[in-house]
Amino acid sequence: MRDDSKTPLLAVRDLHTYFHTFAGTVKAVNGVSFEIGQGEVMGLVGESGGGKSVVGFSILGLIDSPGRIEAGEILLHGQDLVTAGEARLREIRGREISMVFQDPMTSLNPLHSVGRQMDEVLRLHSDLDAGARQKACVEMLESVGISRAAERLKAYPHQFSGGMRQRVVIAIAMLAGPRLIIADEPTTALDVTIQSQILKLMRRQIAETGASMILITHDLAVVSEMADHITVLYCGNVVERGRTRDLIANPAHPYTRGLIDSIPDTTHRQDRLRQIPGSVPDIRNLPRGCNFRDRCPRAQTLCAEQEPALTQQHGSLWAACHFPLAPGETA
Amino acid sequence: MFAYLIKRLIQMVLVLWVVSVIVFLMMSFTGDPVFMVVPIDATDAEIAQARRLLGLDQSLLVQYWKFLTSLLQGDFGRSYVFRQPAMTLILERMPATVEMVLVAMALAIAVAIPLGVYAGANPESRISRFIMAGSLLGISLPGFWVGMVLIYLFAVHWGVFPSSGRGDTAELWGIRISLLTWDGWHHIVLPAVTLSLGTMAIILRMTRAGMMEVGRQDFMKFARAKGATRSDVLYKHGLKNALIPVVTIFGLQLGDLIAFATITETIFSWPGMGKLLIDSIYRADRPVIVVYLMLVAFIFVVINFIVDIVYTMIDPRITLK
Ligand SMILES: Nc1ncnc2c1ncn2[C@@H]1O[C@H](COP(=O)(O)OP(=O)(O)OP(=O)(O)O)[C@@H](O)[C@H]1O
Ligand SMILES: [Mg+2]
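Those sequence lines, one after another, are chains E and L.
Those letters in the first sequence? Residues 5 to 335, per the numbering used here, in order.
Those letters in the second sequence? Residues 337 to 657, per the numbering used here, in order.
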């Protein structure tokens, strides 16, 4: 590990990931940039289809055909993963960067015991002997809050509840001591009480190991509690990013404003949930200009003509909007 | 577990009983075996006496009762033609059929699973398309036609394999087995290949479909995100999952092979129980047909029981209940 506080842990620069399908080219990620420092949590938010998962898979080099990273850099400690070979990527996966998936019901192999699936990580990424690996697995299971861990190693995934399975998945992700964890909607498939337990667990694991995390979600409420920074994706582009506090309190982009307004407010009873009108355009043939303009209350003719670039706004915010919101202004 | 075994046992007995009823009815309504045992110039009195001797003059219910009780006592009747216990006749020929079916099944699995895995893992590749086209042929070409073509090419034209018979056999525990001699292997190649093609194609396509299905599962991507190699992900995580549906049809396919063995044995003059069945049908040798059908039903039931057990060994989610 390099001790260079100037280089961020991970820097994604102008990432383009396209899927070449029969129905046309899907520009799932179309020029995304962000950075994550050591120990930071970055929230990656946006509506369904915004390209969040594709960003995550691109970082791990897990984009399968017909998909391809067309351009951009993904720098881990300054080393580019886009041009790194498969062998180097395999060393990185699970050891330096690991991933937690949305649905714990399907992330584990139903035919292998939990112990075997944990052991696999250590066999791939450590020189420990069988006894030491077993011990490490037991300790890790205990640290994610699974009791009688030694016994549970022999159990199969179907013998665990959803929340327990997600704990196992997190244990697998943490096992080799990664520097970065990409959590793709880790709690969406779980019920609410379990959700907060899992989030707490992840926060604790990260704090203890000093790892960084990309928390992918469409739930701004979750991110605002967990993340240091937030990056908002829309149609494969970053529309806004900045420190969590600034972005939640005074977003500059009308899309972010819309997302925040659609968080159900639990303190005041609302008659109707506000939501962003319209729906995400077909990303196979995006028109010129701003992708959000058809749904935007502030849109003007310029928005149809010219694509807005990411520019600095108030506070720590950067937004891609011709007519950004000033602090305190509502859309 | 114990309760399960008892339940299964009762089921198996019920199935066999139903089969016995069907077999008995089928036999009673098809052909009159009396004419097979009396000379051509027999008088009416002689025919009536033969009928009485065979017990064919009694009511169906009485006949069935006699049939069932003698089955239960292990008396399966004597062949009208060979004047020998039908069971002995069939058991004598069973090893020939069993070894041909087993070789065909082994061949089908050995070819179909690796090719199916490859085609499922690389659906786009040219080789996969070639494999799939081949499997389509395997499914659609009738076995008897393939058998004749193989005989023409390999036996008649090039003369590399014999076209009929079992060749030399060696005895093991009193059973005559071709697979113990070189000549026997030489003889079994063509019939076994003929028999295996259909099953091979079906297993191949099921394996490919299973592999493609499992390739889309999250846990495969998760395994790769752990840093496993592509081939480890395919074979250690994918294959076993992909084979679950294949195991399900395994029992059925084995049954199919036994059934189709009758045709293959006839084409290649393979002296197995399938050929005996066909010959017995021509001769209306009722007891032999009955024993054959009952025996095959029994084998079917046992195979499916074994498949269920194997299933639980592969898939921890399934328990015997
Ligand atoms: N294998 C693929 N082939 C074709 N298109 C794909 C593929 N994977 C993703 N896409 C497309 O890429 C776009 C972004 O998908 P992605 O899964 O990243 O969205 P997301 O932001 O994670 O959404 P969600 O909140 O629903 O998970 C979508 O339009 C999707 O249809
Ligand atoms: Mg997603």
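Treat the hints with caution; some may be incorrect.
In silico EDC-like links for lysine to aspartate or glutamate, alpha-carbon gap of 20 Å or less [claimed, not checked]:
hint : chain 1 : residue 1 : chain 2 : residue 2
1    : L       : 557       : E       : 143
2    : L       : 343       : L       : 644
3    : E       : 139       : E       : 155
4    : L       : 557       : E       : 90
5    : E       : 158       : L       : 651
6    : L       : 572       : L       : 507
7    : L       : 557       : E       : 95
8    : E       : 31        : E       : 44
9    : L       : 557       : E       : 223
10   : L       : 557       : E       : 155
11   : E       : 204       : E       : 223
12   : L       : 572       : L       : 549
13   : L       : 572       : E       : 95
14   : L       : 576       : L       : 615
15   : E       : 31        : E       : 77
16   : L       : 557       : L       : 568
17   : E       : 31        : E       : 68
18   : L       : 576       : L       : 651
19   : E       : 204       : E       : 143
20   : L       : 572       : L       : 554
21   : E       : 31        : E       : 51
With the C-beta cut set under 7 Å, the calculated list includes, among others, these residues of chain E facing chain L [unchecked claim]:
hint : residue
22   : 66
23   : 67
24   : 115
25   : 120
Calculated from the structure, these hints are not laboratory results.
Glycine residues also receive a C-beta, built at the ideal position from the N, C-alpha and C atoms.
inquiry  = Are any of the numbered hints broken by this structure? If so, which, sorted upward?
reply    = Hints 1, 6, 8, 9, 10, 14, 23, 25 not satisfied by this model.
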